[in-house]
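One-letter residues, chain by chain:
Number of protein chains: 2
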Amino acid sequence: MYTVIKTDGRAKRAELKTVHGTIQTPVFMNVGTAAAIKGAVSTADLKEIGTQVELSNTYHLHVRPGDRLIREMGGLHKFMVWDRPILTDSGGFQVFSLAGMRKIKEEGVTFRSHVDGHSIFMGPEESMQIQSNLGSTIAMAFDECAPAKAEKSYVEASVARTTRWLVRCRQEMDRLNAMPDTVNPSQMLFGINQGAVYTDIRIEHAKQLAEMELDGYAVGGLAVGETHEEMYHVLDETVPYLPQDRPTYLMGVGTPANILEAVDRGIDFFDCVYPSRNGRHGHVYTRYGKMNLLNAKYEKDERPIEDNCKCPACRYSRAYIRHLLKAKEMLGMRLCVLHNLYFYNHLMEDIRGAIETGTYAAFKKERLEMLQVYKKQEYS
Amino acid sequence: MYTVIKTDGRAKRAELKTVHGTIQTPVFMNVGTAAAIKGAVSTADLKEIGTQVELSNTYHLHVRPGDRLIREMGGLHKFMVWDRPILTDSGGFQVFSLAGMRKIKEEGVTFRSHVDGHSIFMGPEESMQIQSNLGSTIAMAFDECAPAKAEKSYVEASVARTTRWLVRCRQEMDRLNAMPDTVNPSQMLFGINQGAVYTDIRIEHAKQLAEMELDGYAVGGLAVGETHEEMYHVLDETVPYLPQDRPTYLMGVGTPANILEAVDRGIDFFDCVYPSRNGRHGHVYTRYGKMNLLNAKYEKDERPIEDNCKCPACRYSRAYIRHLLKAKEMLGMRLCVLHNLYFYNHLMEDIRGAIETGTYAAFKKERLEMLQVYKKQEYS
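Protein chains in written order, with the working numbering: chain A, 1 to 380; chain B, 1 to 380.
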């Protein structure tokens with residue numbers, strides 16, 4: 001059950017009730033690819049840093065440890081010891097970006113495992129079966145994520161196939177949810193809008209998706225090579241055709257600025273590997289922009305990453321965390337990842353507050369300016 | 001101020017009052033080589049797993065980030081955000097085991113940094129100065145740790161030099177503690193008994209050390225290649241000559257069985273890299289012995305590492321932690337290290353309880369037998 005509590009321009013403050021608890025949106029989902037957040041972050045840590053939704057990757061878990069094993073263990077929630085919502089992607093993105101030697105047919109895709117090279121077939125039914133075995137709160141439809149710069153004719157054919165695949169996903173998910181021994185009989189299904197940067201294809205696809213009355217709608221295939229302006233333009237043109245009484249999820253996005261802009265265009269679900277990936281490289285987020293803690297200027301900096309931050313890293317100094325990173329101590333990465341996820345989770349909290357008070361436009365402007373402070377200092 | 005609360009045979013239940021709080025002994029110190037416990041464990045975690053004393057390595061911190069930097073940051077306690085006792089080793093062990101191309105003279109040792117190869121000189125005064133800059137609770141004397149199988153004539157000369165070095169350590173530490181701007185003016189100094197497996201040299205050295213009225217006495221140069229029986233024999237012969245009204249520290253030891261035996265021979269301070277190093281390889285300790293979580297038999301094992309364990313890892317299943325280790329997720333290593341340190345810290349708690357109730361002999365026998373259970377199962 002999705003309820004819009006407040007709108008402010010096109011920004012939505014909403015909540016999605018699920019069997020694993022209610023999600024307050026806009027929300028940033030924290031990516032735990034292989035049933036763990038990279039950087040030695042556990043589900044116990046996620047509770048401490050304000051994570052609402054954990055996101056795991058269907059492809060990775062299918063390959064290792066195997067979705068059947070996770071099902072035997074009682075599903076992904078029990079396996080990870082996480083009682084809040086989990087979203088699983090469809091595996092499509094990884095199949096088209098990570099796996100080698102793929103072959104696309106109407107039935108699905110044959111590709112090679114990145115772990116041991118063995119041949120795997122995945123189509124809409126297989127993706128739903130794997131996600132059903134995982135028992136996630138929200139499953140994503142199996143789609144093709146065409147390259148941003150693909151030829152229009154290719155994108156048209158690809159989107160048409162993705163629509164046909166969605167029908168099969170829906171049927172299979174309905175069948176699986178009705179099985180007596182299914183892990184999560186209330187598993188939701190989100191469809192995915194594609195079309196690269198061709199807004200006419202995107203709009204036509206959005207209209208088709210809207211007719212299917214799904215649990216939620218994602219915009220996929222962005223943040224894969226196009227400019228930020230192209231991305232915002234696609235959102236401007238496409239999101240109005242997606243049902244605004246359902247969750248709207250921008251997949252794989254993005255920077256704090258991207259999120260501030262996309263919320264203003266009606267998006268309320270996000271996920272991105274930036275906070276964890278950047279954290280592992282010592283790049284940390286603050287409201288004044290990103291800092292590279294490996295920079296020599298932090299060598300004797302006794303301040304925390306961010307003043308007044310209540311994350312588990314900000315009880316330590318920049319100097320200490322920098323030392324850990326230089327000494328290649330895993331703790332350095334862990335602290336940076338914890339800080340970054342906390343930062344993203346609390347950015348969303350601030351965004352929700354601004355929409356609630358009807359001040360989102362001013363809030364966005366202020367935050368976008370603040371995010372430039374360190375950059376301006378560095379080049380001034 | 002060291003107070004023996006209870007003895008049971010030669011086992012001592014004592015406490016050592018320090019400026020950073022009181023240490024209850026027997027105690028296992030948790031090794032954080034470069035001002036961090038390997039395996040992404042922070043000082044906040046240490047409080048959760050019952051750590052009393054953190055141990056850091058003088059050599060590593062001198063090389064990176066530099067003891068002068070740590071002094072500028074207010075000392076190691078402030079740098080790591082740890083308000084309980086810290087023991088620093090002297091750097092001697094690392095100089096003789098890690099560093100390349102060393103040259104020993106009466107003044108001290110010249111060697112090459114393992115980080116960038118630059119030439120470093122360290123003698124008794126330098127070791128004290130570095131440890132004073134770190135401001136640890138307990139500093140260790142600078143000694144030579146001769147190889148277990150060294151010729152007797154070499155060991156004799158080495159121990160004689162270590163004694164001369166100890167006199168210089170004591171003088172230098174007294175001088176540094178009296179400086180107006182010293183980090184920790186109450187820094188304690190422990191001397192180190194050496195002599196390889198030659199008990200006559202060990203005993204003679206112990207008698208010389210006892211005359212110096214130090215804050216504590218360590219037995220060094222064990223667990224470096226000799227058998228367990230040789231080690232116990234050295235303890236049987238040597239410890240009685242060390243003042244039993246002072247802390248007695250067996251450096252770098254060891255397995256749970258080693259600790260159970262050494263406590264029975266009057267030792268009350270321990271440290272070892274086993275729990276963290278083994279944890280990083282998926283080897284975890286239980287009261288029934290060690291388990292290798294990478295073993296296929298744990299693939300679907302829904303039990304925690306150890307039943308009723310309250311450590312942060314034992315809310316997860318063996319199957320989940322095994323998956324993390326197989327997927328090379330840092331979280332797997334972190335959970336195993338947390339469990340192992342918790343296990344060691346709580347083994348010491350049980351040891352203290354047994355001495356208090358005067359049942360140490362029976363307790364030791366029972367625990368040594370329990371530690372064999374998994375091994376017997378595996379080979380039965």
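Careful: at least some of the hints might be erroneous.
Said to hold, decoys possible - Here are some chain B residues pointing at chain A (derived, C-beta under 8 Å):
hint: 1; residue: Glu72
hint: 2; residue: Gly75
hint: 3; residue: Met80
As the list claims (entries may be wrong) - Distance condition first, Cα-Cα at most 30 Å in a straight line; then the derived BS3-like pairs of lysine-lysine:
hint: 4; chain 1: B; residue 1: Lys328; chain 2: A; residue 2: Lys47
hint: 5; chain 1: B; residue 1: Lys78; chain 2: A; residue 2: Lys78
hint: 6; chain 1: B; residue 1: Lys328; chain 2: A; residue 2: Lys328
hint: 7; chain 1: B; residue 1: Lys310; chain 2: A; residue 2: Lys310
hint: 8; chain 1: A; residue 1: Lys290; chain 2: B; residue 2: Lys78
hint: 9; chain 1: A; residue 1: Lys297; chain 2: B; residue 2: Lys78
Rather than coming from a laboratory, the hints here were simulated on the basis of the structure. Note that the Cβ used here is the ideal one computed from N, Cα and C, for glycine as well.
Each hint tested on the structure:
no.: 1; hint: Glu72; result: holds, 6 Å
no.: 2; hint: Gly75; result: violated, 12 Å
no.: 3; hint: Met80; result: holds, 7 Å
no.: 4; hint: B:Lys328 / A:Lys47; result: holds, 23 Å
no.: 5; hint: B:Lys78 / A:Lys78; result: violated, 39 Å
no.: 6; hint: B:Lys328 / A:Lys328; result: holds, 16 Å
no.: 7; hint: B:Lys310 / A:Lys310; result: holds, 26 Å
no.: 8; hint: A:Lys290 / B:Lys78; result: holds, 26 Å
no.: 9; hint: A:Lys297 / B:Lys78; result: holds, 20 Å
This entry does not satisfy hints 2, 5, going by the numbered hints stated previously.
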